[in-house]
Amino acid sequence: MPRIGLEVSFDVENIAKIEAAGTDFRYFVKICCGNCGEITDWVYLDQEDTIEVKGGRGLANMVLNCKLCGRESNISIEDGSRKAYDAEKGGFQQIVSFDCRGLEPVEWECRGGLVASTENGKSFEVELEDGEWYDFDDDANESVSVTNVQSQFKKLKGK
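With this note's numbering applied, the sequence shown has no gaps in its numbers, which climb one by one up to 159 at the end.
FYI, nobody ran anything at the bench for these hints, they're computed from the structure.
On a predicted model such as this, the values are computed, not experimentally measured, just so you know.
All the pointers check out, no bait thrown in.
With beta-carbon atoms standing in for the labels, derived distance ranges:
(1) Asp138 to Trp42: 32 to 42 Å
(2) Ala140 to Gly34: 44 to 54 Å
(3) Ser9 to Lys157: 16 to 26 Å
(4) Gly55 to Asp138: 51 to 61 Å
(5) Glu129 to Asp24: 18 to 28 Å
(6) Gly34 to Asn120: 44 to 54 Å
(7) Val106 to Ala140: 34 to 44 Å
(8) Glu107 to Glu127: 17 to 27 Å
(9) Leu59 to Lys154: 20 to 30 Å
(10) Phe136 to Leu59: 41 to 51 Å
(11) Asp11 to Asn35: 29 to 39 Å
(12) Glu52 to Asp138: 42 to 52 Å
(13) Ile39 to Gly80: 24 to 34 Å
Cβ coordinates follow ideal geometry from the N, Cα and C atoms, glycine included.
Can you make the complete structure from the sequences, with help from the hints?
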């Protein structure tokens, strides 16, 4: 059961952290079949959706049948793996990890649902438009922004 982490990087202005809002945050991904290599169109998974895996092997956040080879595979968000992006550290940081069985996420797209917070704790709902978001913090009298969104998947070791 391979474990794969989603790492993201943002360029920010006057933002301390960025995180997924709520357990129903949707991770929009393209998935590659581990059997034949077919890549899906965009699909999403969230922690609140659970589906029973055939053969009584528990639950998963997404179960897919490959359109090309017909193989059933599944993916789940690992409990306790969601983390906020720390803008002070910068660079690529893992924000979530997935338990992948028979498939692998290969591309991530942020379609909203992020919350950005300032050093003073003021929160903003981030809706990226063309990969960018801009707003103004009236309390601190300064602009805030999130730009240059990048992502990568990394295979993880251990549990």
